[in-house]
Amino acid sequence: MGCPEHSSWKGWIEDAGRRVFSGGPVYLFFLGLFAAMLVAGIAAGIHAVYITGSRHAYGTNREIPLAMLIATYTFFVITSTGLCLVSSIGHIFGVERFMPIAKRAVLLSVITIMSGFLVIGLELENPLRLAVYLFLSPNFTSNIWWMGVLYSFEVVLLIIEFIFIMLDNHRASMAAGLLGILFGIAAISNLGGVFAMLNGREFWYGPYLPIFFIASALLMGCAAVIFFTVLAYRVHCEPLDHPMADSLAAIGKLAGLMLAVIMFFTIWRMVALAVGGTHELLVRDALVSGPFAFNFWVLEVGLGMILPFVLILWSGGKRIGPLFLASALVIFSSFFMRLDMVVAGQIVPMYWELGVREYSMLNAYWPTWHEILVVLAGVGLSGVSFLTGEKVFQGFREAEGAGSPSDGTLEVVVQDPQSASDGKVDG
Amino acid sequence: MIFKSLDKETMLKEPEKISEMDRREFLKIGLVITGVFAGGSIVSVASAAEKVFPNGSIARKYPYRPHYAMVIRVDQCIGCRRCEKGCTAANAVPDYGWRTKVLEREVPEAIGQKREFIPVLCNQCNNPPCVRACPVTATYKDKVHGIVMMDIKKCIGCKICMAACPYDARYYNEERGAVDKCDFCFESSLSRGGKKTACQAACPADVRVFGDLSDPRSRVYQMVHQLQKPVWVLKKETDARPNIFYTKG
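These protein sequence lines are chains A and B, in that order. Numbering follows the working numbering, with no gaps: position 419 of the first sequence is 471. Numbering follows the working numbering, with no gaps: position 228 of the second sequence is 242.
If you're looking for bench data, these hints aren't it; they were derived computationally from the structure. On a predicted model such as this, the values are computed, not experimentally measured, just so you know. Think of the CB as a built atom: it goes at the ideal place given N, C-alpha and C, for glycine as much as any other residue. Some hints here could point you the wrong way.
Here chain A is said to cover these stretches of chain B; the calculated rule only asks that three of the stretch's residues, wherever they fall, bring their Cβ under 8 Å from a Cβ of chain A [what the hints assert, rightly or not]:
hint : stretch
1    : 78-89
2    : 109-117
3    : 179-189
4    : 231-243
5    : 249-260
What follows is a set of in silico ranges between Cβ atoms, one per label pair, in the way DEER data are often shown [stated by the list, open to error]:
hint : chain 1 : residue 1 : chain 2 : residue 2 : range
6    : B       : Gln127    : A       : Trp320    : 54 to 62 Å
7    : A       : Phe187    : B       : Glu120    : 33 to 41 Å
8    : B       : Ser205    : A       : Leu234    : 43 to 51 Å
9    : A       : Asn415    : B       : Glu251    : 48 to 56 Å
10   : B       : Gln127    : A       : Ile103    : 45 to 53 Å
11   : B       : Ser205    : A       : Leu219    : 57 to 65 Å
12   : A       : Val323    : B       : Glu251    : 50 to 58 Å
13   : B       : Arg190    : A       : Leu219    : 43 to 51 Å
14   : B       : Ser205    : A       : Val323    : 30 to 38 Å
15   : B       : Glu120    : A       : Gly354    : 54 to 62 Å
16   : B       : Pro218    : A       : Gly342    : 41 to 49 Å
17   : B       : Lys243    : A       : Met413    : 32 to 40 Å
Selected chain B positions facing chain A (Cβ under 10 Å, derived; list incomplete) [to be verified]:
hint : residue
18   : Lys99
19   : Asp165
20   : Cys172
21   : Leu204
22   : Gly208
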């Protein structure tokens, strides 16, 4: 279990530390790399907000006040909610094949939400005021207020869920998990509402985004579980065992379904934009053939939808290699999906329809190094926490039935040192 | 704005039209002026009444007293931008921001005058999207005079109000450590007994008429409550119910 049931906390921490530092050169290299990204990103964020001023350091401006860092925040919290939802399928709703991934998924959910908080903390001009006035001066009509409160509850519930799930207290973990799902869905739909309730922004306005975010969360949850689970087994230099490979195959099928849903969402979104007002037509043109065309066609549609879908079909619900690649592509492209969604909603100047000189060009945004480093801080925190968590909790192996190897019916194409040659689960 | 539900029976009898009595009441009480500016049709006061308020509701009175508003006589603007300078000086607006701006539109194919200037500023909306979006009520609609104010000590700098504003009226002021916007010079003038905004005082062409929309003696009231000249607002479709009106002549 990895929990200090029979030994002192001090001893348990020392053991965990030993496991981390004896992880091998590759493990330690990546741990160091992610730690460096985390430190550099935090330093860049502090430098941007508190020393030079975000006006100089970040690429945001009056016309595009929300940009890459908000997109990164949505990327992480959508992933977090997705992980929470996917983990619940097994350990709350009792679907057997989803059980093995539950613990890792809950921990990853905590990790990704904390990464999101880190990024938003380095984006806000006065984050300390938020901590005070969120409670002293609430605005109940504000989506951001609800989002802040709901995500705060969710992170607490996720931590409680994780503690109980590690202690094998399934009743308590189920209760916390169930509440976590409710808060998570409420929070993520509220996150959609942050954009969707701004009726001055035609590209965002409407019920599309809250619903899309929930569907997108499920896809991201599936992708993150597959991606990190395969990596976790690489961290431990072990082949995927049968229950886990079976579980990932099931999650891969769900990912395929959600990918199809996202594709239809996107198709209808673009069709609807084509018959929208001036603002919507301008945004559609920007996405289809304008400054966002590469992001949209290559990064979102090509690498984020078509290729992963083909890979999932190719995997036949068995081959983990294509599933892993599809997951990595979905995660990578969804970052740009969030970025495009956030920025494209602000590219049409507010007084465009007046035909005035000052608002005659579409607004432009380009991220700065400070912003990119802050994004990397979020990635770094996730990376450090994931790698550390794997060693501290010893890969969640006891409860997952690791050590009960595959019976060979599943073809696992994860290229680890032992199984690379035959492409089969190494029993 | 305070609404009173219409009588259900009346609604059933005349579901598509506001009665003559209601129409007259609309005209009497104001806040029914609307229209589409530039590129769209300008709607007359009487016909606009039916479009401003949804079936089943009617504005009974101005919600604030004084109910500060501004009428911009857009065709009088000569583009000298003294209003911008006056505003900047009075409110310590930094060079990277603005509280009011004069936009310029050039139509080469137009007959006669080929250029016009359009002053813009915070519209002090009755239904302000920025106020709804702010998570900590750092921006709020003042209950007395209806100006959308900033409580800078609360501003967390999330900038959602900037994204929410349909009038691009907000910017982040580094020196203040908060988002800044036009407050009709409340801090710099009105709260100290002043009667004019800095932009109004600086204008040599009497473009900006500022006053109390709830006072029938005020010039603003008289300019808005008439039928002879068209009056319109910007971005009516956002339902923000602005208090900056535009007219010509």
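query = CB of B/Glu120 to CB of A/Gly354, is that within 54 to 62 Å?
reply = violated, 42 Å
task = Have a go at the B/Asp165 hint: is there a Cβ in chain A nearer than 10 Å to its own Cβ?
result = Nearest chain A Cβ about 8 Å off; hint holds.
query = Is the hinted range of 45 to 53 Å satisfied by the C-beta distance from B/Gln127 to A/Ile103?
reply = holds, 50 Å
query = Between A/Phe187 and B/Glu120, is the Cβ distance one that fits in 33 to 41 Å?
reply = violated, 51 Å
task = Test coverage of the stretch 231-243 of chain B by chain A using CB-CB distances below 8 Å; three residues minimum.
result = violated (count 0)
query = Can we keep the B/Cys172 interface hint, with Cβ of chain A closer than 10 Å?
reply = Since chain A brings a Cβ to about 6 Å from B/Cys172, closer than 10 Å, the hint holds.
message = Holds or violated: the 41 to 49 Å window for the beta-carbon distance between B/Pro218 and A/Gly342?
response = holds, 42 Å
key: Closest C-beta approach of B/Lys99 to chain A relative to 10 Å, hint status   = violated, 17 Å
query = Do the numbers back the hint for B/Gly208, that is, is its least Cβ distance to chain A under 10 Å?
reply = violated, 28 Å
query = Cβ-Cβ distance between B/Arg190 and A/Leu219: within 43 to 51 Å?
reply = At 50 Å between Cβs, range holds.
message = When I compare C-beta atoms, does the stretch 78-89 of chain B have three or more residues closer than 8 Å to chain A?
response = violated (count 0)
ask   = Counting residues of the stretch 179-189 of chain B whose CB is closer than 8 Å to a CB in chain A, do you get three or more?
value = holds (count 8)
Hint compliance for this structure: hints 1, 4, 6, 7, 9, 12, 14, 15, 18, 21, 22 are not met, and every other hint is.
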